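S.K.: One letter stands for each residue in the lines below.
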Amino acid sequence: MARSYLFIPANEPRMLQNAYVFDADAIILDLEDSVAIEEKHEARHLAKNFLQSHPRGSAQTYVRINAQKDWLEKDLILLKDTKFDGIVLPKLTLEMWALYERKAKALAFDKPVIGIVETPDAFFELDQLASKKKILGLILGGEDLVSSLQSERTLEGRELIYGRSMLKMACAKHEILAIDTPWTTLDIAHLQKDLQHSLTHGFDGKCAIHPNQVPSINETLSPTKARINFALRVMKQFEATKSMRFSLDGQMIDKPVLERAKATLEKAKFYGLLKEELHGHL
Amino acid sequence: MDIYEDLESLLDALPLKDGLRISFHHHLRDGDGVINPVLFALKKRGVKDIHLYASSIFPNYKAVQDLIESGHIKNITTNYLNGPVAKYISEHGLKGTLKMQSHGGRARAFKEKENTVDIAFIAAPAINRDGAISGCEGKNAFGSIGYACEDAAYATLKVAITDNLMPIKYPQIKKGLINHLLHVDSIGDVTRMASGTLMITKDPVGLKIARTTMAFLDTVKAIKNDVSFQSGAGGTSLSITKMFNDYLKAHHLQASFYSGGITKLHVDALENGLVRDLYDVQCFDLIAVKSLMKNTHHHFMSANDYANPNTPGRIIRNLDIVILGASEIDLNFNVNVTTDSNNRLIGGSGGHSDTAEDAKLTIIVSPLIRARTVLIKDRVNTCTTKGMYVDVLVTERGIAINPRRKDLLKAVEGSTLDVLSIEKLQKKAYTLTGVPSHSDHKKTPIGMVEDRHGHVQDTLYKKE
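Chain order of the listed sequences is A and B. Residue numbering for the first sequence follows this note's numbering, starting at 996 and increasing by one per position. Residue numbering for the second sequence follows this note's numbering, starting at 8 and increasing by one per position.
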């Protein structure tokens, strides 16, 4: 579980040095789009060195590898004996998955994978992709997708309504993480507007392309105090009545509401938003 | 008051001699147009072994280096210096000595006749025929003239240099003090007063430090109604000022005063009712200048009223919180903002040691690691501010509290703040950078740091 997934270009030592200081729940060392072709080799070695020697912070650590066949293999070879939480696989389709699995198997590489869904093809394969055992979650790659659709990203986000809904639907069906596309300008007010789309569609997390985006993402995707308080009261009433159906403030509480309350409290606990004395309600 | 229309006529009337002691203020900062022509003219007249008492020295003050190199300037007493002059002195020293004072210490030293100045040259944005000076009026109005007040009061001769001889509405230096007036076309370019350092930071590390500082202040419940607050002019400090304003607004609180150098952010807080009064020793931008002129709750103050340790009613005596920077801090919380680790002069106390000593809560904010260099040293290269006056260090990788502040250590118990001892914070940095090797490069003394009470606090050495 993570609210913010911060991309860190693997060819930038200063960014690597500070990778864990920005309070991102997860960092993604990037070997793909943010690294120029002539710097791929250096970036791989910097990433390997970082994973081997940099003291680990509390954030989960992923590596986005390249989709291009030769580079993908080189990335995996260099990452083979390093410790991190999983691979981020770009341009995920069934064909890409087959390629990845073949290469990973040959190298006995067995990390969980978060796939980036960023082509029209992938949307017609979503159900199958989300069902893969090793796939931990899916990221919506909004920029590439709208380019394929000859559309443009807007603050209103209408161009991504279908993509966001479909991706979330598949993730929900297979109980994996749904992670929203990054907002690609550094205007925080615009990011906050875009985050409302993430919230509306029920995304678990959102990617960040700049450290200054992380606080807004963490704040928006955390359960609000009001939701936490309501969830606490629901669970308290449930413990008192032992009934799956009761009334609270005139609202009927039944199983779906109870489950949402439980999920809210689990999330709040995970992100350290619950005071110690309240943990007993979980 | 005698009025002159050209510099040479003025200099003809002044008792120039070798070993002359002269002073300047720095309110126009890099836009100053007074110090260079006066110094070059003194050089032309062959005045040697000048002792320069400039409140600060900025990169634009080219004549200072020229006169040091030619031997016309022998000694310098100042509160802050950077740019080429700082570089030159670091590498070559002076014919005499460099003395670094604080803003409050300079005011005290003038008042107590330790800084004895023969002629004070005062850039005056507007002056009337009685010699009353306003910093807020005229085409080069820079706002508060706080750092020139003691020069005007205690120098043997006072020379005002102005581009506006006119009736004034807001006198800051009272009439009757000025002996000579030089009327010139321009005293500089006030638009160059605000420098790039006066911007809210967009640097993610700086912003992380700012957020952490606010979380600390919230946790220890330091922000209450009537709180008083001061921060420096660095990007991170200004970000904290912005967040401090936001905090007051969100919690429906009002601060009693903000003090020190004043910017648009301080003015915004005043105009939005987040703070009752501003005490302004120096305006950092033109919005602050306008506000000082029109808002009756925006007060001018002299350096003496601001920070002289022997002035009982000094403003910072009532200061609750001050946010300051550091180029180095050591395991005893001593702070260096005067040199880097290689003896290169990079600044000076300004109001750093004054506010740290007087404020109830002194917080140092700085990146723990800058380009593989660790902030926390076993011992600072130069002690600008003593560790006994520093309460907290906030970095992007954790917070260290001075062990003598047991109240703060208790207040953060059980919080989610990443608080650790300064020794552990240093070790945390070393895990990323390695432990630096120690080299002793303190060989040739070039000057001293004087504390605000007039005692020698540390020695400055040449960059080898």
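Calculated from the structure, these hints are not laboratory results. Given the structure is predicted, the values throughout are model-derived calculations rather than measurements. Some hints could be false.
Unchecked claim - Partial list, derived from the structure: chain B residues whose beta carbon lies under 8 Å from chain A: (1) Lys209; (2) Val212; (3) Met221; (4) Ala222; (5) Ile376; (6) Arg377; (7) Arg404; (8) Thr423; (9) Glu430; (10) Lys434; (11) Thr438; (12) Leu439.
What the hints assert, rightly or not - In silico negatives: residues of chain A with every beta carbon more than 10 Å from chain B: (13) Arg1009; (14) Val1016; (15) Lys1220.
To be verified - Computed list of lysine to any residue pairs in SDA-like fashion (alpha-carbon distance at most 20 Å, straight line): (16) Lys209(B) / Lys1078(A); (17) Lys435(B) / Thr1179(A); (18) Lys1043(A) / Lys209(B); (19) Lys1043(A) / Leu439(B); (20) Lys209(B) / Met1010(A); (21) Lys434(B) / Asp327(B); (22) Lys1078(A) / Pro1050(A); (23) Lys431(B) / Lys1078(A); (24) Lys209(B) / Asn1044(A); (25) Lys209(B) / Arg1009(A); (26) Lys1262(A) / Lys435(B); (27) Lys435(B) / Gly1052(A).
We put the CB at the ideal spot given by N, CA and C, even for glycine.
S.K.: Now tell me if each hint is right for this structure.
M.R.: Here's how the hints hold up against the structure:
Against a cut-off of 8 Å between C-beta atoms, the interface hint on Lys209(B) holds, since the closest Cβ of chain A lies about 7 Å away. The beta carbon of Val212(B) is positioned within 8 Å of a beta carbon in chain A (closest approach about 6 Å), and the interface hint is therefore held. With a cut of 8 Å, the hint placing Met221(B) at the interface with chain A is violated, because the nearest CB-to-CB distance is about 11 Å. Taking 8 Å as the C-beta contact cut-off toward chain A, the hint placing Ala222(B) at the interface is violated, the least distance being around 11 Å.
Given hint, Ile376(B) at the interface with chain A, holds; its Cβ is 7 Å from that chain's nearest Cβ, closer than 8 Å. Because the closest C-beta pair between Arg377(B) and chain A is about 10 Å apart, greater than 8 Å, the hint is violated. Among the interface hints, the one on Arg404(B) holds; its C-beta lies about 6 Å from the nearest C-beta in chain A, closer than the 8 Å criterion. Because the closest C-beta pair between Thr423(B) and chain A is about 6 Å apart, less than 8 Å, the hint holds.
Checking Glu430(B) against chain A: minimum C-beta separation of about 17 Å lies over 8 Å; hint violated. Violation of the interface hint for Lys434(B) is found here, the shortest Cβ-Cβ separation to chain A being roughly 11 Å, above the 8 Å cut-off. Taking 8 Å as the C-beta cut-off, the interface hint given for Thr438(B) holds, the closest approach to chain A being about 5 Å. Among the interface hints, the one on Leu439(B) holds; its C-beta lies about 6 Å from the nearest C-beta in chain A, closer than the 8 Å criterion.
Not every Cβ of chain B is farther than 10 Å from the Cβ of Arg1009(A); the closest lies at roughly 8 Å, contradicting the non-interface assignment. The non-interface label for Val1016(A) is inconsistent with chain B: the shortest C-beta to C-beta separation is roughly 5 Å, within 10 Å. Look at Lys1220(A): its CB is around 14 Å from the nearest CB on chain B, clear of 10 Å, so calling it non-interface holds up. Using a Cα cut-off of 20 Å, the hinted pair Lys209(B) and Lys1078(A) is violated, with the two alpha carbons roughly 32 Å apart.
Among the hinted pairs, Lys435(B) with Thr1179(A) is inconsistent with the structure: their alpha-carbon atoms are about 33 Å apart, more than 20 Å. With a C-alpha separation of about 29 Å, the suggested pair Lys1043(A) and Lys209(B) falls outside the 20 Å cut-off, and the hint is violated. Note on Lys1043(A) and Leu439(B): the hinted pairing holds, with a Cα-Cα distance of about 15 Å set against a maximum of 20 Å. Straight-line distance between C-alpha atoms of Lys209(B) and Met1010(A) comes to about 15 Å, which keeps the hinted pair within the 20 Å bound.
As the CA atoms of Lys434(B) and Asp327(B) are separated by approximately 31 Å, the hinted pair breaks the 20 Å bound. For a cut-off of 20 Å, the pair hint linking Lys1078(A) to Pro1050(A) stands: about 11 Å separates their Cα positions. A hinted pair counts as satisfied when its Cα atoms are at most 20 Å apart, and Lys431(B) with Lys1078(A) does not qualify at roughly 25 Å. Straight-line distance between C-alpha atoms of Lys209(B) and Asn1044(A) comes to about 28 Å, which puts the hinted pair past the 20 Å bound.
For a cut-off of 20 Å, the pair hint linking Lys209(B) to Arg1009(A) stands: about 16 Å separates their Cα positions. With a C-alpha separation of about 30 Å, the suggested pair Lys1262(A) and Lys435(B) falls outside the 20 Å cut-off, and the hint is violated. Distance check on the hinted pair: Lys435(B) and Gly1052(A) sit about 12 Å apart at the alpha-carbon level, within 20 Å; holds.
Of the hints listed earlier, those the structure fails to meet are numbers 3, 4, 6, 9, 10, 13, 14, 16, 17, 18, 21, 23, 24, 26, in rising order.
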